[in-house]
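Starting from the given sequences, assemble the full structure and let the hints guide the process.
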Amino acid sequence: MIVFPTSLQQAAGELPGGAVVRAGGTDVHERRRLKLLSGNLVDLRDVADARDIAARGGGEIGVGALVRIAALASDPGIVAGYPALAEAAGGLATPQIRAIATVAGNLLQRNRCWYYRSPEAHCLKKGGARCFAREGDHLYHACFDLGPCVAVHPSTLGMALSAYDARVDVVGGAGRTVAALLGDGTDARHDHQLENSAVVTHIVLPAPRAGERSAYVRTISRARAEWPLVEAVARLGVEKDAIVWASVAVGGVAPVPLRLGAVEAKLVGTAARPEALAEAAALAKDGAKPLPMTGYKVDLLERTVLEVLEKALERAPVGGV
Amino acid sequence: MSTTRRGFIKGGVGATLAAPIACRSTLPTEVVATPTAPALVPSERVTIRTRVNGHDHDLEVHPDDGALEIVRDHIGLKGAKHGCGHGACGACTMQLDGTPVATCILPATALHDRKVTTVEGLAKEGALHPVQRAFMAEDALQCGYCTPGFVVEAAAFVDRVRAEGEREPTRDEVAAALAGHLCRCGAYPAIYRAVQAACTGKYDAVEGADAPRVDALAKVTGAAIYTVDVDAPGMLIAKALHAPWAHAKVRRLDWSKALALPGVRGAVRLLGEGGIVRYAGQELLAIAAVDERTAERALDLVEIDVEIRDALVGMDAALAPSAPLVYPKRADRKSPPNASEGPLLPEKWDGNKRGPFELFSKAPGKAERAIDHARSGGTVTEGTWSTQTQCHTALEPHAAVAAWDGPTRLTVYLSTQAVSAMAGDIAQRWGLRDEDVRVLSLYVGGGFGAKATLQTEAVVAIELAKVCNAPVRYALDRRAEIMLGGNRPGTRITVALATDRAGDLVGITSDALADCGVAVGHISSVMFRIIYPDAPRKLMDTDVVSHGPPSKPMRGPGGPPAFWALEQAVDELAHQRKEDPLVLRKRWDPNPARKPLYAWAQTIPRWRDRGPVAADKGRYRRGVGVACGAWFAFAEPRTRLQLDVRAGRGADAKATSAAGLVASTASQDIGNGTRTVIARTVAARFGLSPSDVGVRVGDSRFVHGPMAGGSRTTSSIVGPCYDACDQMADELVEFASRRFGLRQAKPSTDGITHDGGTMAWRDVFSVAPDITVVGRRRRDEGGYFLPPILGLAVERYVSGSLQIAEVEVDTRLGRIRVVESWIGLGVGRIAAPVLARSQAEGGVVQGIGYALYEERRLDPKAGFLLTGGLEDYRVPGIGDIGPIHVHFDEHGYDKVPGHNVGLGEIVTLTPAAAIGNAVFHATSWRPRDLPLRPDRVLKGLRG
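Heads up: the protein sequence lines correspond to chains R and P, in order. Numbered according to my numbering, the first sequence spans residues 1 to 321. Numbered according to my numbering, the second sequence spans residues 1 to 943.
Be a bit skeptical, because a hint or two may be false.
As the list claims (entries may be wrong) - Chain P stretches covered by chain R per the calculated footprint, using a threshold of three residues with CB under 8 Å from any CB of chain R: (1) 40-54; (2) 77-89; (3) 109-119; (4) 135-145; (5) 857-865; (6) 870-883.
Hints in this document: simulated from the structure, not taken from any laboratory. From the three backbone atoms N, C-alpha and C, an ideal C-beta is built for every residue, glycine too.
What follows is the structure in structure tokens.
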């Protein structure tokens, strides 16, 4: 069964009772085929709102939930003010997926753990009693063991948006930060904390900070089109050749995107030179608790953070407001 | 035996439920409920209006229908292909309002009110899109299965670039645009050329872009029909139930409830009589129903009573001293699945080990003594190298469509590498007369060795078609394809090489273990018999059986792992001796096929001027490595080629090409270029253009054709082409002499020469009556090394290759990039140069995938597949390859009809070894284990 609401407000009204939202459908369609997801569909095809990227008061930008990832990656305002976000959006999945997948769908997609996607494994995320990856092959899983499930969070945009302290507007529930939307990584059952009756309507980006420099790095084995081993966004404020504030988020290492508080704190006051960044990057390991097969990710995380910091410093500062 | 666990599937380990339950009902669902008081009225079917290639369609779809299925099955446009099912390979790409999208993960409802363009709609007013012409002219395709997706995407990219003006985009721009497409044949180098050239306007002209591949037009327009595209009236769809356990005993398999489901027409049991499951994914039964969704629902209703047993997953588990036997009974050990291309020879078993096979050793005792002796006074290199399990994963899955005509006549569309052989095997298995079995395989979306035998897909379709009295189609999905479609076994090879003080090779030992799953018969060490053959050697190959899917022969079986070990050992030895690794090899190498390649290699500046090991000290370190390869020469002497001239055709070339001169053979074209080789060879004989010759393959009713395996096609078929042409020429001379009273007439390249001049072949054909001749393959002069066994002769030659790879190692992030590759090949006269280059480039691409990315992984305890799609099973993309240079040395092989030996396999033997040696040259770290993942690289560099 399926309904086609014409607004997100109306969509939220259809949800009580266990229906599921389908936007671009790239993840939902596959999971229904894999029988990982059932229930009536609330298809957002005919929804007219939430399809644009528009300035809000106070220099904020609102990105409609149904904006396609490709549109986010190439939007002039995003490219100018949030270059690391644009870069992250342009680096995920493939062009043919970015053309149909939506930004909110990217945040709310389920993880790509090969046990979750295997019909043979009735894992925690499917209501089962154990994490197969923890006991089995977890080569591409978490090195921050935060909860019973060790799948890494799949959302590149979630990682990038946490670096920008972005929020989401919601109908049928309270607005919240992206970090709160995605949770703390301890929830064995869910990849996000949105209530079943709620729909994300917008992603709200705070104004970029004057003169900030930012970059995105996706560490993969092939050239493109691969889920990241580790990925990172860094934003740096630089004054008089010193870093005065920093925001660093990483993905591919934990069941949720992480902000690296220790790295950020260490960066403040550090000289804005590539050779001065290693000490801060080394703190990326703080709190890491690798599984037997993911020790390499701890090392790769430090290296990726160093890479993203160096790259951010090389970048031209954004205009700010 | 260890303790067995008993329980039903739902209970999992240790559970004891009282009654069998429906298999798969354990599959979880997140939410199942009905909305309360909905404001909108939910519907079970959705009406959509969509405009596809300029035509409006009003369709009623199910909410969960996919856009790809709707366009293929409801609208009937078969150009877009189902490749992976999760948006990773791009074979399903269509343009939605001009933007390329992945349609295998797009709900059909999303097509509403949108304009869809498929590959069939790219041509405007009868003129191909320039990028289609570019793909044809540059030979940017092989099997053609991924081509519709690439072309649809590339057309949008070219249009976008052209809108800004004519310019050649960089390779990186092209790679970014095509990042969502995978080509398993590895046509990427030509795809770069095609897309870049199309952007400059080179292929805007409608005329003049002649395709070197004679079936290219069908492939760039979506007209080529693969087995998965075949529809038949009343056709049913079959789906199989795969065992989720790697080791179990199924006590009861009950599909009565499934059969009772409306729309279900029949079932066939595939599990053997003993009920033993030996690998996860093994097919238990298959069900045919009116559509795929019904068949899947029926599988959910199958009841299974099963005893789950401990599984041995991987080689180490199978080799453990306490390991139970995978084949405890003597009878089981007699007929395990065969991982080789040849017959299985009897071998000794020791636990789960079979072998060692040592037949190809040469003075083994002497080899061991020479190595011992060299320890004090010569040079010895020893080491163990390992390789991963690689999957063929051709983009077209294994597929069959079977239809019975009465109880004794059978037609099977089959995605196969062996049309002739399959028809024979099917006739034998089902007790039919040869002439009553027809196997059709018009286009095959890649095989790489996995589609060379009679396998489950044929059995399922044929049996169910019989049971249901209706045509049945069965195709593996991507997960099943990676699980069961075939794999190259993982190996562990311990090699020792020794030289005397003078640097002459005095002994080789090689001890290879192969992780073949439940199969046996793999050989790697044997390859060491055909390279540097003078020294004594002890060569051992041992199979280790475990509870894994059976390995199959894969392109150059045994070669890539063998050369990965041997050619790095040789490199290491040269390094120890402080000798140029190329000079050392040249000194040891008596093979005339490779001799000229050493001189060629010295002309490559990047090799010649490579500098010392680990010269770079920065983050990015470049290095260059060399590796040599050798391969057997095979031919199928029974190969025939029929040549027909049909009367009543005009003299112009177009009519001739349509039906005037037609060559046919029951071979197949899996992207290897069979059609083109035949067309070129026949055309050259009569001074025609290849497009003047009609070529028919892929139908078992034609005269016997070679299978595509053992690199045999070209070397088998060219001889019969020559013979058929000679016979045809004689017939035409006789006819023309009689008809026109020619005197002293005899055939020449231009036509029939006679005492009054020359009558052009074209003119002769235009008036010739019906003539049919059948050409045979002349025996190699001097005979074969081994006369035909099972139809395959081993020729007296060993082909040669020399590969050079330049890599860049990112020492920070652990990534290896192949910057550039060179491959020199000594395989004799090239029958179709552009296609040969494509095949060589593709072999290098697959080798790069083997070296750096590809790796099948199973759950270490339960043995089920983890890398179940093309996201997790990583084949190279267009951005991963760097320029590839191909050099053919066409000398030699004068005693073979056609003056050539096979090419398809030797091209993929050495990329990994050359990359390994290049990594050593860049970093002084000697890689041992494939694939060279970032974690391994960082670990290796740390030392």
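Each hint tested on the structure:
Only residues whose C-beta sits within less than 8 Å of a C-beta in chain R count toward coverage, and the stretch 40-54 of chain P has 6 of them, enough to reach three; the restraint holds. For a cut-off of 8 Å, the count of residues in the stretch 77-89 of chain P with a CB near a CB of chain R stands at 4, and the three-residue condition holds. Counting residues of the stretch 109-119 of chain P whose beta carbon lies closer than 8 Å to any beta carbon of chain R gives 3, which meets the minimum of three for the stated coverage. For a cut-off of 8 Å, the count of residues in the stretch 135-145 of chain P with a CB near a CB of chain R stands at 0, and the three-residue condition is violated.
With 8 residues having a Cβ less than 8 Å from any Cβ of chain R, the stretch 857-865 of chain P passes the three-residue criterion, so the hint holds. For a cut-off of 8 Å, the count of residues in the stretch 870-883 of chain P with a CB near a CB of chain R stands at 7, and the three-residue condition holds.
In the structure shown, a violation is registered for the earlier hint numbered 4 alone.
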